[in-house]
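Enquirer: As numbered in the numbering used here, residues 2 to 38 make up the sequence shown, in order.
Check the hints yourself; a few may be wrong.
Pairs of lysine to any residue residues, derived as SDA-like cross-links and limited to a Cα-Cα distance of at most 20 angstroms, are as follows [unchecked claim]:
no., residue 1, residue 2
1, K18, S6
2, K5, S17
3, K18, L34
4, K5, Q15
5, K5, T16
6, K18, A28
7, K32, R20
8, K32, M22
9, K18, V29
10, K32, T16
11, K32, R21
12, K18, F35
Keep in mind that the hints were calculated from the coordinates and are not lab data. Since this is a predicted model, take the numbers as computed values, not measurements.
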Amino acid sequence: MHDKSFIQLSSITQTSKERRMLRVATAVTRKWLFTRL
2 MHDKSFIQLS SITQTSKERR MLRVATAVTR KWLFTRL
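Given these sequences and hints, build the entire structure.
Expert: Next comes the structure, spelled out in structure tokens:
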């Protein structure tokens, strides 16, 4: 029971981390494209 909740919590933090990295990547790509224009 405790192990299951821990796995769920770790997966939630993992998804939020991925979302943040994705947002940073999109921002960097947009900035790069803007500077290229």
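Enquirer: State for each hint whether it applies.
Expert: Okay, the hints, checked on the actual structure:
{"no.": "1", "hint": "K18 x S6", "verdict": "holds, 18 angstroms"}
{"no.": "2", "hint": "K5 x S17", "verdict": "holds, 19 angstroms"}
{"no.": "3", "hint": "K18 x L34", "verdict": "violated, 24 angstroms"}
{"no.": "4", "hint": "K5 x Q15", "verdict": "holds, 15 angstroms"}
{"no.": "5", "hint": "K5 x T16", "verdict": "holds, 17 angstroms"}
{"no.": "6", "hint": "K18 x A28", "verdict": "holds, 15 angstroms"}
{"no.": "7", "hint": "K32 x R20", "verdict": "holds, 18 angstroms"}
{"no.": "8", "hint": "K32 x M22", "verdict": "holds, 15 angstroms"}
{"no.": "9", "hint": "K18 x V29", "verdict": "holds, 17 angstroms"}
{"no.": "10", "hint": "K32 x T16", "verdict": "violated, 24 angstroms"}
{"no.": "11", "hint": "K32 x R21", "verdict": "holds, 17 angstroms"}
{"no.": "12", "hint": "K18 x F35", "verdict": "violated, 26 angstroms"}
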